[in-house]
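Undergrad: Sequences listed follow chains A, B, C and D, in order. Quick note: the first sequence, position 275, residue 279 per the numbering used here, numbers continuous. Quick note: the second sequence, position 337, residue 341 per the numbering used here, numbers continuous. Quick note: the third sequence, position 9, residue 13 per the numbering used here, numbers continuous. Quick note: the fourth sequence, position 253, residue 257 per the numbering used here, numbers continuous.
Just so you know, the hints here were simulated from the structure itself, not pulled from any lab data. Because the structure is a prediction, the values reported are computed rather than measured. Be aware that one or more of the hints could be misleading.
Claimed, not checked - Pairs of lysine to aspartate or glutamate, DMTMM-like flavour, derived with a Cα cap of 25 Å:
id : chain 1 : residue 1 : chain 2 : residue 2
1  : C       : Lys54     : B       : Glu295
2  : B       : Lys54     : C       : Asp73
3  : D       : Lys54     : A       : Glu295
4  : A       : Lys54     : D       : Glu295
5  : A       : Lys54     : A       : Glu101
Protein chains: 4
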Amino acid sequence: MKSSLTQSHPKGPMAASLAPAQVEKPEGIAKIGLLGASGYSGLEFLRLAKRHPGLQVVCLGVREAARRDLAEFFPGGLTGASGPGGAPGLQVIEPEELLAEAANGVIDTIVSALPHGVCKQLLAAMPEWERGIGPRIVDLSGDHRDGAGGFVYGLPELFRNEVRPAHRIANPGCYATAAILALAPAAEAGWLSGPVTVSAISGVTGAGRAATLHTSFAEANENASYYRAGGDHAHIPEIERALGQANLSVAFTPQLVPMNRGILLTAVAPLRQGKSAAKVRELYEGRYASEPFVRVLTSGQWPSTREVRGSNRCDLSVQVQHQGGTLVGLAAIDNLVKGAAGQAMQNLNCMLGWLETTGLPVEATPW
Amino acid sequence: MKSSLTQSHPKGPMAASLAPAQVEKPEGIAKIGLLGASGYSGLEFLRLAKRHPGLQVVCLGVREAARRDLAEFFPGGLTGASGPGGAPGLQVIEPEELLAEAANGVIDTIVSALPHGVCKQLLAAMPEWERGIGPRIVDLSGDHRDGAGGFVYGLPELFRNEVRPAHRIANPGCYATAAILALAPAAEAGWLSGPVTVSAISGVTGAGRAATLHTSFAEANENASYYRAGGDHAHIPEIERALGQANLSVAFTPQLVPMNRGILLTAVAPLRQGKSAAKVRELYEGRYASEPFVRVLTSGQWPSTREVRGSNRCDLSVQVQHQGGTLVGLAAIDNLVKGAAGQAMQNLNCMLGWLETTGLPVEATPW
Amino acid sequence: MKSSLTQSHPKGPMAASLAPAQVEKPEGIAKIGLLGASGYSGLEFLRLAKRHPGLQVVCLGVREAARRDLAEFFPGGLTGASGPGGAPGLQVIEPEELLAEAANGVIDTIVSALPHGVCKQLLAAMPEWERGIGPRIVDLSGDHRDGAGGFVYGLPELFRNEVRPAHRIANPGCYATAAILALAPAAEAGWLSGPVTVSAISGVTGAGRAATLHTSFAEANENASYYRAGGDHAHIPEIERALGQANLSVAFTPQLVPMNRGILLTAVAPLRQGKSAAKVRELYEGRYASEPFVRVLTSGQWPSTREVRGSNRCDLSVQVQHQGGTLVGLAAIDNLVKGAAGQAMQNLNCMLGWLETTGLPVEATPW
Amino acid sequence: MKSSLTQSHPKGPMAASLAPAQVEKPEGIAKIGLLGASGYSGLEFLRLAKRHPGLQVVCLGVREAARRDLAEFFPGGLTGASGPGGAPGLQVIEPEELLAEAANGVIDTIVSALPHGVCKQLLAAMPEWERGIGPRIVDLSGDHRDGAGGFVYGLPELFRNEVRPAHRIANPGCYATAAILALAPAAEAGWLSGPVTVSAISGVTGAGRAATLHTSFAEANENASYYRAGGDHAHIPEIERALGQANLSVAFTPQLVPMNRGILLTAVAPLRQGKSAAKVRELYEGRYASEPFVRVLTSGQWPSTREVRGSNRCDLSVQVQHQGGTLVGLAAIDNLVKGAAGQAMQNLNCMLGWLETTGLPVEATPW
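So here's chain A without its partners, still in its complex pose (with noise of 0.2 Å):
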């Protein structure tokens, strides 16, 4: 695989392989610190964090803490504190203990799933830790995605190298993980030509727990809607910038249906010179081979949610038209698990030496 994107973000050879820094039981466990648990991307790290041998989260951060019913925010027992015959909760506190626990030592490692905005400020009360002191950080949230303070854009299928030695972490968007996986091989090879349309629908999760009349059961239900379509979308400036020296720009059409969990992605761009449908297979094929979490599919298969749902597996299919003028990349990914707090989980196996499959699930829970 020649790496002609690797100058224009982070550095180095994008499908490294998976083995060397890689063994199955590091020592040590990561003390977690969980900002921003009770969010959908929160609670989810949350739970898969339960079935990692590695990692142990200590503490959760809630904005407003005291004065929220957390057993509403906290469903089936997943603090723990709930669950019949559990163990003893999880400490619930303000996101700025929580950044005092880190400071203590108590914690290591910090894993922010805050809404955007938020995770960037209370950094700014922590300056000396951009010089690679302080925890750990992966921050879910897009406050960092563009490379400020230090932060390494995390997406192991293109940028593990970097990721590997990272202290700190900017975990991709939902749309632009499955956007850029769509269009990465393509891309590598220099086989686009010019602009790219991205068409893409999401489940309610992708759109946070806050209380809108417009996710509301009874308005979202039965309806599916485009959402800032045409505008400048978070997501656009992060593919244009993860799929760099491909110099391509990125239009997108964000849509939301009623499903709670999922994300299905059109990507669609001029193909440099006509190829064949077995052509850009055989490419993608080649450039995911070793990869845990990329599927892709044979012909005549197309990606659907449920084939991911619960999964950190991205599934992708690839398609020509118009004679081989156009590239059509379809992807399936679960927004709350690879867009979000599986990829989270992904990169911290990265940075602690796990295998990075480690507590993941790549199998689905279709229903």
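Position chains B, C and D against the provided structure of chain A, taking the given hints into account.
TA: Chains B, C and D alone, transformed into the frame defined by chain A:
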């Protein structure tokens, strides 16, 4: 409006004025035999026809009617038979018997909502009808959209002048209706320079009423899936034909999402010269200004299926991406109304001389 | 029909014949001010009123109307304002202003779909109206179901003779409507010997339109939940009162399920003497024989919300369990129609002298 | 705890301590043949088994396996075969072949998730197995819940001591599991004086995976419906038997609601003497204090299916209505876990000497 497209498909100017041929109450009542009445489109036509002052559904044609549990197929008192204190129910007969009723003059109009292939086969037994004798026919299937058998393509917004005098109408497909309305103004104006890529999502009624594993509740719920993506979908030639002279190659990526009704469609095409968003919107607003069933949304508004649920309206939004190089047309319709039964009634209104909106809901039933 | 219940609540025989007071076209149009127009029941009334030849909604009262995005609250062109080529939109004003319009005679009828507590508070400023002057009022909230302020309990199937001459109507609650219709024939006949246990499920529009976490899509989807089970639900006294003389204690277990519309209700009560299923069905069929909006299903059929979706019908099925010792009444209604806006219109038809079915759908829109 | 129920059904004290027979890692791995693997319960068992250190699913029995599109039946990489970089897939064979594999000793345990009637029929060909030789069997169907063929009724919370030494287990029905757990403490204590009325709602996976019109998406979506209400539902004798000595007549009203998973059940029964809510809750809390999979909710909390989604837990809430005269037990389970595959694994844990919670999720996956 220049009618550059009109040579390729039926003839005549497209944006014909609504006024001349229409009166509020033409004489007489059309006596309708409804073929395929047990499917979703058939039932929707039955439901709408009860609100229309000039259409009387006289009998229903259902294959193997005698073998079926009609109460399961006609819920909610839809035939009238099971309604409380209701009128005596409609007669349910075999399709061939319904054709005989037409031959006998008991009915003068056939609306066929049979699956693709069946209507054509039935009509093969009535070759004399092809010479303009026999009943008025509106065929909702794809059997006659190529103009075979003297059928006129019934998209009134483009071909109103051909529809009015027609005796046989091929009702457009649901996806095609949305795609054509989303692209026609730009195509007619000669603004599109290259291949069109259409991505669309549909509610599950769009897949018909046959019980299949794929459309079972537990499989389709919480699932968004592509189907036949990149393949030779029957809607493609239909769109290419209707956009005629523009000579555009169309590719199509349909998706199924967990809702009953609705299509949300994204049509992307290169603009011949960079056009501003305002310029494009002006074109569309002008083109559809007098159309009762097309609404061009203002900037900052986007279509949603909820806004057209139960309505015969098509909501459109036009975007310009990549510095004016790409047109993105967004459309929402109810696949059972403007995409099927409603458009069939709109065509009948044209043919019979009723105001085109007679019996047709413009407002949505959002929930 | 013995009218044993009639002393306890409004007066007069229950199963009054439909004929006398009704003509097909009374003179005049009722000019309606619709309070709480932005909620689900309010919008449903607005939608239904457009089909009624004698009701004209003149203005809409919405609290803090000026601060709201009315397009979000009135989707689908519901006010007329945003419809394509539509009539000028309805005026949206503050509730107090709407009362002033009534005082000025601009409107002669108030339909209030405000939340519980608000209508009563507003009317407190208009004490003179209590003496029968002022506008006709139909209050959909629970504020006046105890008969306060001279309001008559508007369940026409039981209290038609009280409703017709009434000037103020308390529209029954959705659960209460289903429960009362499921039990009334047995209660009136004196067949019930002991406490009644009601278990019911409701679609999410039943919880109102305020945005809450509990009714957010991702929380309510794929979730069935009890709420306030066993508590003092406001519907309980309403049911006990309407079943009056039977002197039954009622307990109630409401549940929320992931759909927009519909109530399915199971009412269980001990039968005084063992009755056969056939005997009980005969009682119910006789009691409701002339009711246009009640359908007693035959043996082997059971209610479903789909069969009444969008309809003003109540479907009933009566079962006998435990060797004739227990009556189980099953009911389905659309909570927004027979459970709210449709019943309000039914009451207005009674009050204004229209045929009781005018403007009201009997048939369902199952999808 | 008085064990008044123990004579009627299997024998022995019910609330047997969890400790004696269980160790954390018994020797050996059970080699499982999974019959009916393509249904929802079968697939759920397959999914759960992958998390269990002592259960190895060796082969899958699917009727007419060769004729089917296995990718459609096993989505999400569930067989391992289609997973990216996955292990070689599991062998899919005919049920009879699977029995032969058991006879040959290739597998030592059969888990059967076949439809009702099929397992019994298959086993009729293996009469010698009835004498305790042959494979361990857990049958998820209703075929052996009456104790036929030496099967023990496998509800560990009531019959743990019978389950542990058993060789053949009849896994309880989903509705019966919820109903029995909701009533057992009161029934065992002799507090119930009369007939029991059960009303329950279930997600659509409860209806099996065969494609039918009734369970098609567009029919089941936005629809709550009764089915076989008041009839002789197979679950009734099962509940009556398990609650044995209490000698209660049970009536049952099942309902289908538009969600994939989950049962919410309301059990109503007259209390022998007026009991306070506190007293009843104390009884239940004591009875289930050491049960890892039963959670008695505190006052003011009610079960919801979301709280048990994907979990083997049963959430219970007990209410007292009509001045202490009526017990209302509310229960929530995941029909595919505690109602089917999870309980099968719980039974296997009992039989094999594993900690009863091994491999079984207590926490929910709410979304």
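Undergrad: If a hint holds in the structure, say so; if it doesn't, say that too.
TA: A quick look at each hint next to the structure:
1. C/Lys54 with B/Glu295: Roughly 22 Å separates the two Cα atoms, so the pair holds.
2. B/Lys54 with C/Asp73: Violated, at about 35 Å.
3. D/Lys54 with A/Glu295: holds (22 Å)
4. A/Lys54 with D/Glu295: With Cα atoms ~22 Å apart, A/Lys54 and D/Glu295 stay inside 25 Å; holds.
5. A/Lys54 with A/Glu101: At roughly 23 Å apart (the allowed maximum being 25 Å), A/Glu101 and A/Lys54 satisfy the hint.
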